[in-house]
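There are 2 protein chains.
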Amino acid sequence: MVNSPSQRTVIGQRLRRPDAPDKVKGTALYIEDLDFAGSLWGGVLRSPHAHARIRKLDTARARGVPGVRAVITAKEIPGRNVIPMVQSDWPVLAQDFVRHVGEGVAVVAADTREALAEGLAAVQVEYEPLPALLDMEEALAAGEVMARYKVRRGEASVALTRSDLIVVEGTYQTPYQEHAYIEPNGMIAAPDGTGGVVVHGSMQCPFYVQKGVASALGLDLNRVRIVQTVTGGGFGGKEDAPSAPGAHAALLAMATGRPVRLILTREEDMAVMSKRHPARVQVKLGATRHGHLIAAEIDYLLDGGAYATLSPVVLFRGTVHACGPYRVPNVKVESRVVRTHKVPCGAFRGFGEPQVVFAFEAALDELAERLGQDPLVLRLKNALQIGDETITGHRLSESVGFREVLEQVAAASDWKRKREEYARERGTVRRGVGLAACYYGVGLGAMGKHLNPAGANVVVAGDGSVTVAVGTTEIGQGMVTVLTQIAAESLGCPPDAVRVMEADTSRVPDSGPTVASRTTVMSGNAIRDAAAKIRAAMEPVIADSGLPWREAVALCVQKQIGLAAHGWAVPPATTFDLATGQGEAYVCYSFSANVVEVEVDTETGETRVKGVWSGHDVGRVVNPTLGEGQVEGGVVQGLGYALTEEHALRDGRILNDQFSTYIIPTPLDVPEIKSVLVESPFPWGPYGAKGLGETPIIAVAPAVVAAIHHAARIRLYTLPATPERVWDAIRALPPPGEAASG
Amino acid sequence: MVNSPSQRTVIGQRLRRPDAPDKVKGTALYIEDLDFAGSLWGGVLRSPHAHARIRKLDTARARGVPGVRAVITAKEIPGRNVIPMVQSDWPVLAQDFVRHVGEGVAVVAADTREALAEGLAAVQVEYEPLPALLDMEEALAAGEVMARYKVRRGEASVALTRSDLIVVEGTYQTPYQEHAYIEPNGMIAAPDGTGGVVVHGSMQCPFYVQKGVASALGLDLNRVRIVQTVTGGGFGGKEDAPSAPGAHAALLAMATGRPVRLILTREEDMAVMSKRHPARVQVKLGATRHGHLIAAEIDYLLDGGAYATLSPVVLFRGTVHACGPYRVPNVKVESRVVRTHKVPCGAFRGFGEPQVVFAFEAALDELAERLGQDPLVLRLKNALQIGDETITGHRLSESVGFREVLEQVAAASDWKRKREEYARERGTVRRGVGLAACYYGVGLGAMGKHLNPAGANVVVAGDGSVTVAVGTTEIGQGMVTVLTQIAAESLGCPPDAVRVMEADTSRVPDSGPTVASRTTVMSGNAIRDAAAKIRAAMEPVIADSGLPWREAVALCVQKQIGLAAHGWAVPPATTFDLATGQGEAYVCYSFSANVVEVEVDTETGETRVKGVWSGHDVGRVVNPTLGEGQVEGGVVQGLGYALTEEHALRDGRILNDQFSTYIIPTPLDVPEIKSVLVESPFPWGPYGAKGLGETPIIAVAPAVVAAIHHAARIRLYTLPATPERVWDAIRALPPPGEAASG
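Line order of the protein sequences matches chains A and L. Numbering-wise, our numbering puts 331 at position 331 of the first sequence, and it's gapless, one number per residue. Numbering-wise, our numbering puts 935 at position 193 of the second sequence, and it's gapless, one number per residue.
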């Protein structure tokens, strides 16, 4: 062994983030902080119409503007005019038609910001406006379905007619949500001098950007090097979306032979980049009088916007998780994502779950009320356990800590006492506690299995310091720290010897995207694979010498042993039958439940969140501080979704495109958040880890709404729970005398 | 097999350089072309004295100059004040004493070039000048010996007293030589945001710079990332020397938290950076009347300058190769490199051989004359062949193509006819042909074996395009092209699918320096090792399907096979006994011989080179165009060494620090050069390759001087053969009548 047993305890430690000092000091270099000699300003001419035919597109005058170096339209794209995604319908630049406000029509590069503005203004476009589909129900009626899925289990429709069942039914609406990352999307592309291009930028998924750029330029993948800059949050908004500015900047760089910086303003980013899909969910849910769930029918509809991007897979995840972490023997889920003439929606933390989970958990809360049961008891009664099957028929054989999560958040939040005590409140400002839960299939699962594997590249220097490269990205979630710990543990070296590099597509094979709470599991396992190879090379030299790490490395270097290896991780196979919606959709699941405590001012409709107890079974927690950070961040984002965040549109144009009008929680809005981390190890995960990126946001809004119900006796079917909606619902309540019987 | 047999013929092809278009178009980004946001100007305050005590060094005033951001002297260095090299005597910044003109005393970073100049001028230094050792013989007498080596074989001193031998004896002097790379040394260092530093720059040996910077900053190696920018030639001048500006820039970057560009002017670079060592060589050489070499005594002295840098290993190589590629049964070599108060000398193409080979080959030419033998015949008679031993007792068992080289250059140059015909010329301008030869131990050999291994990192993308990273560098020699061919051949992919990245210390383990003609062999073998692993992973999937490369890769990707691997190459062991100078100094040898044809104007002393036939046994030639390029470049550099290049010094200061006064050959000075490449494969080398970087320069000057002798009957013992020296020698000739008997 290289190291003493006492050193091998890095997993579970609260290692400090190596990237923290720079972020705290403001010296981290985000994309806008980078500068390259001789770089040009790049910009995009965008459609003012939701739907129009391009009658004429004349760039001659723009090309003549002094300082303008290149003007590119669809017809000048050397490769394919498409960002390759699930359906490859998303053009790099509009051709013949524009299909949403803000769609790119031309890109311009110029010497100065002023020349760029002048160049963009000088592009002559004649549009013939066409009727625009702006409503998802209308789009559904028009047959504009991008993708549809189903789950069929038992006989839901028949079961729901059983006379012994209590059945609740409702239709739920959820809004757009902004990712609200720290910095807007931006890319700097530069020719690499050998016929290729290097693109630096803010992103989650370098290999997506690589494919987008390579496709647009008609280059091999190895000629397109993507380097992630410090990225201030992604949340899905930098998953596929950055491929467009990446391709735009790269097109301009190759056309001009110069570096081109194409960085969106906040307003531009908010107006045209990806968001969480608005949704409409119909739920019909039946249980026995004892509270055993018997059947559920769910109709799930997403507004996909103009192009499919990731909508089909977002819909798939929502479909599979539509009934939450509960045993439901009879299930019918119908789901569709429709095409409208609005900004394309895509990946967002939770990935199609927050919408449907809001609806299902709200229905469950209503069912508990109808049954006269405590919502916690109802959930415990139906909670998935080892040996149970999910609604897709996936029999869970390991790592199901859901009951412990429920029990621990209830205990931590003093649920029972508050539930009883607050129910008796009668003042203007009333307290309430609500509960909601979810589960989340870790990784890409059956629908994304071609993207599943991940690589790692581990190089040990002569002094024992270690360089690790992976294909996933640090986007603020703490990947670098967690992988540092996994590398240290698996090599047997001190964590301060480890450095995890920024993502760079030239360092590792395509390792899929940084999404789906897969990073710790996939890159972690890839690192373990590489580390095992390196240790195998070291062992014959160091034998049982008991040498400390750095001395062991020095001995190996002296013996000319190569201390570098690539690792590769491929998850266990999943199976799924799209015709029935049955199968093992994901390799394993994380589980979560939140108790939210609120105060509702019944005179103003204002809701103040007083506390959140957020519980998660995420397998082994590699770094509790970062785990708590994920929980806190997800909860706050969920509170914004629950209470304040939504977009107003007119003619397909987003009206609130600034943080002064699109309202996210501020630090003053953040309540005390208590993380409850339950460790039910996932044997295939590195040291038992599952994933924690997404569960914290999913079941927040339904818990908030349930708490509002507990406080104010109102049921909300539409998010966010703004003071206006709460006030309206309170006004609509029957007079106090009648309410007492409810 | 992945590919059809017809594809597997990449070795030996004249593949075009992928880096050529950018260099030709002027779009390649050399260090001075790079710019980083917020970067500062860095500069070095340099000693005006060859030797002095620093009585006072006060930076307070400099720090107060507006725009000055940092002033660093030896005492502010956080790590060790030394560039770690062979003897680790070379300070990053002078401490207490300065030991050569131009030695760095302080470094300054400032907002503008002007503020930098003002800041440098405001540093207050009081020097107490001390006596300076400026002459190597005086330094030897004073015992200032940095390193010494010897070779002992047989009984040279005794043998040279044999009365049956013809003995020649002479003392030879060779000058400084400038590397005259395209761009001066320069580095841009920037904090990496996680406590480390990234240094971009012009260099040959990123891992040397890494060690230098890490040592000065007190950082782990993985915190110091060195990225090579496009480098316009190294020739040894960017081997160890860049570590100093690298450390200077990095110190300033870490002190200021800003990127710092520290780029030397040409004058500064020429005045203070490394050069070829001036040398004095005494040769005593005896042969039988039939021309069999019996004994040689060589005393080899190098002027190392103020610090050892690479001088000891330069001396070692010269020592081992002192008698050229000939059988000499009795040999005594004494060699020393001495310390003087001048700019440190170091690596230069040929690495200690050009000086001693000039001397030995000149003596051999004189011996041929004394024996009345054709110089070619004399060399053929004594040429090393398989089964022979070198003067260090290394029995050559393979890959010795020296005789073929001699025969082929003689044939190609029409040696015999010209030798006879030109000898009869009597005009003012007379023609002559001269011959000289050398051999060169490939790679680092016994003295550098700790640096011997090399790594390669090969990653195959989903479309079959390939990214290769190695630890050696493209410095204009064509490494990228040659390794592209080796990667394509060993993977079985088309060469246009391969991309070789710029060197970056974070990609591969320490792979030693890019020197000693080792790059093709070492990085080539490391690539083959990595490729073998990748093919081993592919074979079970593709079986004998006969799929073309890209389809085979697609199939493997579909099967989730990881297509990336690190390769590692460790050369066969060498042995050497420093006490006797006997052993296998290098793993194998390249062989070379040049025929040079000149015209000498006996009235002006001017020599015009009319043709060079340059022959090389370098094993398998991976790319003949690049092989010829190496030969042509080396020959031209050798002609400069032979004819025009030298430095004038006063008080240890180099007076000619510009290309207007330091004269290198221009295109107009370049004669027709005919490359003769002999392929005597080296089985351990990739596809049989040995090395070709250095042989082209080594035996040029002696061939030129021999040709001048053939034309003008003068023997020159001092380089360069300027018109003045030639004219002086002609004047000193005995009158025609007496000369005819010579």
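Keep in mind that a hint or two might mislead.
Unchecked claim - Below, simulated DSS-like cross-link-like pairs (lysine-lysine); rule was C-alpha separation at most 30 Å, straight line:
hint : chain 1 : residue 1 : chain 2 : residue 2
1    : A       : Lys-25    : L       : Lys-817
2    : A       : Lys-449   : L       : Lys-1275
3    : L       : Lys-892   : A       : Lys-559
4    : L       : Lys-892   : L       : Lys-1123
5    : L       : Lys-1158  : L       : Lys-1301
6    : L       : Lys-1158  : A       : Lys-75
7    : L       : Lys-1416  : A       : Lys-533
8    : A       : Lys-449   : L       : Lys-1191
9    : L       : Lys-1416  : L       : Lys-1158
10   : L       : Lys-1301  : L       : Lys-1191
11   : L       : Lys-1191  : A       : Lys-150
12   : A       : Lys-559   : L       : Lys-1191
13   : A       : Lys-533   : L       : Lys-817
14   : L       : Lys-1158  : L       : Lys-1191
15   : A       : Lys-416   : A       : Lys-674
16   : L       : Lys-892   : L       : Lys-798
17   : L       : Lys-1301  : L       : Lys-1352
18   : A       : Lys-449   : A       : Lys-418
19   : A       : Lys-284   : A       : Lys-150
20   : A       : Lys-674   : A       : Lys-418
21   : L       : Lys-767   : L       : Lys-798
22   : A       : Lys-674   : A       : Lys-25
23   : L       : Lys-1352  : L       : Lys-1123
24   : A       : Lys-381   : A       : Lys-449
25   : A       : Lys-559   : A       : Lys-610
26   : L       : Lys-1352  : A       : Lys-559
27   : A       : Lys-533   : L       : Lys-1275
28   : L       : Lys-1160  : L       : Lys-767
In short, the hints are calculated from the structure, not lab data. In this text, all values refer to a predicted model and were calculated from it rather than measured experimentally.
TODO: Give me the numbers of the hints this structure contradicts, sorted from smallest to largest.
DONE: Violated: hints 5, 6, 7, 8, 10, 11, 13, 14, 16, 17, 18, 21, 24, 25, 26, 28.
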